[in-house]
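Sequences and hints are given; from them, build the entire structure.
Chains as they are written, first to last, in the working numbering: chain A, 1 to 115; chain B, 1001 to 1110.
Note that these hints are calculated values from the structure, not bench results.
Note that the coordinates shown come from a computational prediction; the quantities given were computed from them, not determined experimentally.
A couple of the hints might just be wrong.
Unchecked claim - Straight-line alpha carbon distances no greater than 20 Å define the calculated DMTMM-like cross-link-like pairs of lysine to aspartate or glutamate that follow:
(1) A:Lys57 with A:Glu68
(2) B:Lys1060 with B:Glu1042
(3) B:Lys1102 with A:Glu68
(4) B:Lys1102 with B:Glu1042
(5) B:Lys1056 with A:Glu14
(6) B:Lys1102 with A:Glu44
(7) B:Lys1077 with B:Asp1002
(8) A:Lys11 with B:Glu1042
(9) B:Lys1060 with A:Glu68
(10) B:Lys1052 with A:Glu103
Unchecked claim - The following residues of chain A were derived to be distant from chain B, with all beta-carbon distances above 12 Å:
(11) Val12
(12) Thr13
(13) Lys15
(14) Glu20
(15) Arg38
(16) Gln50
(17) Ser62
(18) Arg64
(19) Gly71
(20) Thr76
(21) Gln80
(22) Glu85
(23) Val114
Stated by the list, open to error - Restraint-style ranges between C-beta atoms, simulated for each label pair:
(24) B:Glu1008 with A:Glu85: 21 to 31 Å
(25) A:Ser62 with B:Ser1079: 19 to 29 Å
(26) B:Thr1051 with A:Gly16: 24 to 34 Å
Glycine residues also receive a C-beta, built at the ideal position from the N, C-alpha and C atoms.
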Amino acid sequence: GAGVSQSPSNKVTEKGKDVELRCDPISGHTALYWYRQRLGQGLEFLIYFQGNSAPDKSGLPSDRFSAERTGESVSTLTIQRTQQEDSAVYLCASSVTLAASYEQYFGPGTRLTVT
Amino acid sequence: GDSVTQMEGPVTLSEEAFLTINCTYTATGYPSLFWYVQYPGEGLQLLLKATKADDKGSNKGFEATYRKETTSFHLEKGSVQVSDSAVYFCAQKGNNRLAFGKGNQVVVIP
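Right under this line is the structure:
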């Protein structure tokens, strides 16, 4: 079946512009996660969604970052007024449930470059 | 807080060589531990896991043993193949999320 998909695969933007990244989880997966991977760094947790429960936003690095998810479908990560330090690969993952968060299925990522 | 530390730098080795990638964790209690792998052009995927001390996870010829005495979960493979070239991430399960190490790029030369 279809895995997790993300779009765009690459995004180059100018400093100060807003960007929106999209994630389509595996159908039926109730939990969805966003991570950031800066060059030479590990995956940094940003946010997760579980069904219709309130998301855990504790990993978002600043108020320029926000994410939405409607039900158990597509999620979008928005970065406002982008800065050069936002350049990274943004990864989305989903799991059957939050309790099964150990087995996350990852998308290929969106490489964001802020010039 | 909870964290995972992997050995520094990429690993380059010849086909059929023995591979070890070190991983240590810092956590309260005994978290479940994982190795994820990212093949070129693909998303991360779960390679193996261990949910309690002394458990051994294994898959595709890779093994890792959960050692609580040394808080380690080193990844090993006895004879690597070119197709094992990838980035390997160690991770631990925290509060409804995974904490990942920085990853190690493994390059296997024919």
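Each hint, compared with the structure:
1. Of the pairs offered as hints, the one joining lysine 57 of chain A and glutamate 68 of chain A holds, with about 11 Å between alpha carbons and a cut-off of 20 Å not exceeded.
2. With a C-alpha separation of about 17 Å, the suggested pair lysine 1060 of chain B and glutamate 1042 of chain B falls inside the 20 Å cut-off, and the hint holds.
3. Distance check on the hinted pair: lysine 1102 of chain B and glutamate 68 of chain A sit about 27 Å apart at the alpha-carbon level, beyond 20 Å; violated.
4. Proximity of lysine 1102 of chain B to glutamate 1042 of chain B is assessed by CA-CA distance (about 17 Å); at most 20 Å being required, the pair is judged to hold.
5. Pair hint lysine 1056 of chain B plus glutamate 14 of chain A does not hold up; C-alpha atoms about 48 Å apart against a cutoff of 20 Å.
6. Proximity of lysine 1102 of chain B to glutamate 44 of chain A is assessed by CA-CA distance (about 9 Å); at most 20 Å being required, the pair is judged to hold.
7. Taking the CA atoms of lysine 1077 of chain B and aspartate 1002 of chain B, the gap is about 27 Å. The hint is violated against a cut of 20 Å.
8. Under the criterion of a C-alpha separation no larger than 20 Å, the hint pairing lysine 11 of chain A with glutamate 1042 of chain B is consistent with the structure, at around 18 Å.
9. Of the supplied pair hints, the one linking lysine 1060 of chain B and glutamate 68 of chain A is violated, its CA atoms being roughly 37 Å apart against a limit of 20 Å.
10. The hinted pair formed by lysine 1052 of chain B and glutamate 103 of chain A meets the criterion: a straight-line CA distance of about 16 Å does not exceed 20 Å.
11. The claim that valine 12 of chain A lies off the interface holds: its Cβ sits roughly 19 Å from the closest Cβ of chain B, which is beyond the 12 Å cut-off.
12. With a minimum CB-CB distance of about 23 Å to chain B, threonine 13 of chain A clears the 12 Å threshold, and the non-interface call stands.
13. With a minimum CB-CB distance of about 26 Å to chain B, lysine 15 of chain A clears the 12 Å threshold, and the non-interface call stands.
14. No Cβ of chain B approaches the Cβ of glutamate 20 of chain A within 12 Å, the least distance being about 20 Å, so the stated non-interface status holds.
15. At roughly 10 Å from the closest C-beta of chain B, the C-beta of arginine 38 of chain A falls inside 12 Å, breaking its exclusion from the interface.
16. The beta carbon of glutamine 50 of chain A is not kept farther than 12 Å from every beta carbon of chain B, the shortest such distance being approximately 8 Å.
17. Every C-beta of chain B lies more than 12 Å from that of serine 62 of chain A, the closest at about 19 Å, which supports listing it as non-interface.
18. Separation of arginine 64 of chain A from chain B is adequate, the least Cβ-Cβ distance of about 21 Å exceeding the 12 Å criterion.
19. No Cβ of chain B approaches the Cβ of glycine 71 of chain A within 12 Å, the least distance being about 19 Å, so the stated non-interface status holds.
20. A cut-off of 12 Å between C-beta atoms confirms that threonine 76 of chain A is not in contact with chain B; the least separation is 18 Å.
21. Every Cβ of chain B is farther than 12 Å from the Cβ of glutamine 80 of chain A; the closest lies at roughly 24 Å, confirming the non-interface assignment.
22. Every Cβ of chain B is farther than 12 Å from the Cβ of glutamate 85 of chain A; the closest lies at roughly 17 Å, confirming the non-interface assignment.
23. Once the 12 Å rule is applied to beta carbons, valine 114 of chain A is consistent with being away from chain B; the minimum gap is 22 Å.
24. At about 23 Å, the CB distance of glutamate 1008 of chain B to glutamate 85 of chain A agrees with the hint of 21 to 31 Å.
25. One distance hint, 19 to 29 Å for the beta-carbon pair serine 62 of chain A and serine 1079 of chain B, is violated here, with the actual separation near 47 Å.
26. Hint check: threonine 1051 of chain B to glycine 16 of chain A, Cβ distance near 46 Å, so the stated range 24 to 34 Å is violated.
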